[in-house]
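Got chain A; can you put chain B on it based on the hints?
So the sequence lines, in the order shown, correspond to chains A and B. Quick note: the first sequence uses my numbering, first residue 3, plus one each step. Quick note: the second sequence uses my numbering, first residue 3, plus one each step.
Just so you know, these hints were derived from the structure itself, not from any lab. Treat the hints with care, since some could be wrong.
Here are the simulated DSBU-like pairs of lysine-lysine, each with C-alpha atoms no more than 30 Å apart in a straight line [said to hold, decoys possible]:
| no. | chain 1 | residue 1 | chain 2 | residue 2 |
| --- | --- | --- | --- | --- |
| 1 | A | Lys287 | B | Lys258 |
| 2 | B | Lys287 | A | Lys258 |
| 3 | A | Lys264 | B | Lys285 |
| 4 | B | Lys6 | B | Lys138 |
| 5 | A | Lys92 | A | Lys52 |
| 6 | A | Lys300 | A | Lys164 |
| 7 | A | Lys23 | A | Lys103 |
| 8 | B | Lys287 | A | Lys264 |
| 9 | A | Lys120 | B | Lys103 |
| 10 | A | Lys264 | B | Lys142 |
| 11 | A | Lys285 | A | Lys142 |
| 12 | B | Lys142 | B | Lys103 |
| 13 | A | Lys142 | B | Lys258 |
| 14 | A | Lys264 | B | Lys213 |
| 15 | A | Lys168 | A | Lys6 |
Computed spacing ranges between beta-carbons, pair by pair [said to hold, decoys possible]:
| no. | chain 1 | residue 1 | chain 2 | residue 2 | range |
| --- | --- | --- | --- | --- | --- |
| 16 | B | Glu255 | A | Glu273 | 26 to 32 Å |
| 17 | A | Asn73 | B | Lys52 | 42 to 48 Å |
| 18 | A | Arg309 | B | Thr256 | 40 to 46 Å |
Rough simulated footprint, nothing fancy, chain B against chain A, three-plus residues with beta-carbon under 8 Å [what the hints assert, rightly or not]:
| no. | stretch |
| --- | --- |
| 19 | 42-51 |
| 20 | 135-142 |
| 21 | 207-218 |
As the structure is a prediction and not an experimental result, all values here were calculated from the model. Every residue, glycine too, gets a C-beta built ideally from N, C-alpha and C.
Protein chains: 2
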Amino acid sequence: MDFKAPYLLFLGCEDSPLAIKMSRGLAQWRPEVCIGEIADPSCDLTLGLKQLSIDAAVASGAQSFILGLANSGGIISQDWLPYILEALEKGLDVVSGLHNKLSDIPEIQAAAEKFGRKLYDVRHFDGELRVGNGRKRSGKRLLTVGTDCSVGKMYASLAIEKEMIKKGYDVDFRATGQTGLMVAGSGICIDAVVADFISGAVEMISPDNTKSHWDIIEGQGSLQNPSFAGVSTGLLHGAQPDVIVMCHEAGRETIKGLPDFKVPSLRQAIEANLQVASLTNPKVKLAGIALNCRTIGKEKGMAEMARLEQEFSVPCFDPIITGAASLMDNL
Amino acid sequence: MDFKAPYLLFLGCEDSPLAIKMSRGLAQWRPEVCIGEIADPSCDLTLGLKQLSIDAAVASGAQSFILGLANSGGIISQDWLPYILEALEKGLDVVSGLHNKLSDIPEIQAAAEKFGRKLYDVRHFDGELRVGNGRKRSGKRLLTVGTDCSVGKMYASLAIEKEMIKKGYDVDFRATGQTGLMVAGSGICIDAVVADFISGAVEMISPDNTKSHWDIIEGQGSLQNPSFAGVSTGLLHGAQPDVIVMCHEAGRETIKGLPDFKVPSLRQAIEANLQVASLTNPKVKLAGIALNCRTIGKEKGMAEMARLEQEFSVPCFDPIITGAASLMDNL
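So that you can see chain A by itself, here it is in the shape it has in the complex (with noise of 0.2 Å):
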């Protein structure tokens, strides 16, 4: 993946902040190339970018439209072709981070031939996979895992770069989801692998490194979602982690979408993950918990934090509120 910055990031006609969280994510972790916003009239959603038109986006330099929507079935919706053969027309190249494809809509490949343009399904990865084999690797690895999915484990690891950045480590943020992968430019989104490759992409990502080397690998799902769990135990083994960081989110209480599902103890979503981890390093540690306020609110928010420091004996920080400078210390 090689996608040209800087991004024109296009809304859609979405009404669910949820929709447009990959959008989000890229504004949040990548400000200076989001050059501007764009969305049809009948969305009242903002990013609090630029609005700009495709025009004034590509007079101010843009190069690619960004397509940082989702919705349940990864569907490239019929609302959308006008915009996105404008930009083809225009000039912009195209990146998807849903589950079809571009390059399977006619009205869309036709248009990118026509204009010499570039389609980009960052949730396909062409490249040849392989099985995992649990040999130890050089370098130092830290992992988010989380008491389910959505809680915060790409915000965490971003924080956590971002920190060590400024600390001068040498440090790689590795995604695994679309909103990562647009975010850091590359990576694979472990969810769309073939069920086979799981741990065996998660090591073709973070790879052998200098000793000192930092890799941080974004989680994905939770040991403990009935949906996802297979996701998150070829994570846990193929990024063979030193030190896992558990994300939360204050006050869900039952799983994503499953009612039925109670969301883990903090203390037995630790101990299934460092069990889990063990397999491929044995030496696997807690460094912190990220705990997201978003529900609570920051004077909540810091109270509990404080407790489950207490209670955890590891920093925990809010990867927005806090940022992720006291789990430094503890690396």
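Okay, now just chain B, sitting in the frame of chain A:
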């Protein structure tokens, strides 16, 4: 899948018994539809079936040419091409359990079209998959799990199915691997689905059923195999087994192909599997142990099985030596 019997089994140019284990499984469990075998002169292996040329097999009524072969990349070897092309020309359909698709090889696709023959790639599921939901389904389920890959989970499953049919149970074998699919004629190769759908695919192949019906679900991999534990985890969650049967190969000390990884003790493996399975069925129990005594022989095997029955207080059987009769009292 609806490929036609009877079959001619192709053993290729292989020199390792492991490479032809798919064909061996088919010959073992569905001998009535295996009309004969054919191998390249470079291959010394045999399944003990009648050795037939393609012409002779066709004359005897064969309908399908079975590539029951496995190699590390799942590649359709160039050396097999003359046989495949001759089979198509002489009027046989071709069924492959390899990862690479028959239809992706231009000569094979062209010959199939020219001679009006069908190509079946059992590893590739063409239908729509969905994400698992963990919802409790009606009916009963038994899942075979293991201390490693290739310890005999499919053999154990089929031995259990055979015994349950004999005892009058309402029972179905549910295949999750390519050999199982060839034997059952239905199922989904779980290790070949996209990672997001592992548990969902298992839910699909063992749907709601009558209260007394049993699904015998074929397990894959092992929670302690760093290459494939993601698949095994999703299988445990999707199967929501009422009981598991732990499968082990006597004498195996290291994980297949990964000599740095030790095979877990039976106790470790049982505890880990019950722990993971309890997420979607908190009442899951160990019903028995299937000990593959291939390398230690019958006499030592019988002693070892007696010892394990004592230690774990469940029936222990070898699918080939004893069959699964002793397990029946524990269902």
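Hint by hint, here is what the structure shows:
A distance of roughly 28 Å separates the Cα atoms of Lys287(A) and Lys258(B); the hinted pair therefore holds under the 30 Å criterion. Of the pairs offered as hints, the one joining Lys287(B) and Lys258(A) holds, with about 28 Å between alpha carbons and a cut-off of 30 Å not exceeded. Our distance criterion of 30 Å between C-alpha atoms is met by Lys264(A) and Lys285(B), whose separation comes to about 17 Å. A hinted pair counts as satisfied when its Cα atoms are at most 30 Å apart, and Lys6(B) with Lys138(B) does not qualify at roughly 36 Å.
Between Lys92(A) and Lys52(A), the direct Cα distance comes to roughly 19 Å. Compliance with the 30 Å bound is thereby established for this hinted pair. Pair hint Lys300(A) plus Lys164(A) holds up; C-alpha atoms about 21 Å apart against a cutoff of 30 Å. Distance restraint check for Lys23(A) and Lys103(A): the Cα-Cα separation of roughly 19 Å lies within the 30 Å cut-off, and the hinted pair is therefore satisfied. Proximity of Lys287(B) to Lys264(A) is assessed by CA-CA distance (about 22 Å); at most 30 Å being required, the pair is judged to hold.
Between Lys120(A) and Lys103(B) the alpha-carbon distance is near 28 Å, which keeps this suggested pair within the 30 Å criterion. Of the pairs offered as hints, the one joining Lys264(A) and Lys142(B) holds, with about 24 Å between alpha carbons and a cut-off of 30 Å not exceeded. With a C-alpha separation of about 12 Å, the suggested pair Lys285(A) and Lys142(A) falls inside the 30 Å cut-off, and the hint holds. Only pairs whose Cα atoms come within 30 Å are accepted, and Lys142(B) paired with Lys103(B) is rejected, the gap being roughly 35 Å.
Simply put, Lys142(A) and Lys258(B) have alpha-carbon atoms about 27 Å apart, close enough for the 30 Å limit, and the pair holds. For the hint linking Lys264(A) to Lys213(B), the alpha-carbon distance of about 27 Å falls within 30 Å, and the restraint holds. Only pairs whose Cα atoms come within 30 Å are accepted, and Lys168(A) paired with Lys6(A) is accepted, the gap being roughly 25 Å. Here the CB-CB span from Glu255(B) to Glu273(A) is close to 28 Å, well matched to the stated 26 to 32 Å.
The hinted range of 42 to 48 Å is not satisfied by Asn73(A) and Lys52(B), whose Cβ atoms lie roughly 56 Å apart. A beta carbon spacing of about 45 Å between Arg309(A) and Thr256(B) agrees with the range 40 to 46 Å that was offered as a hint. Note: the stretch 42-51 of chain A has 0 residues with beta-carbon separation from chain B under 8 Å; the three-residue rule is not met and the coverage is violated. Residues of the stretch 135-142 of chain A with a Cβ under 8 Å from some Cβ of chain B number 3, which satisfies the need for three, so the listed coverage holds.
Only residues whose beta carbon comes within less than 8 Å of a beta carbon in chain B count, and the stretch 207-218 of chain A has 0; fewer than three means the coverage is violated.
The structure does not agree with the numbered hints 4, 12, 17, 19, 21 stated previously, though it agrees with the rest.
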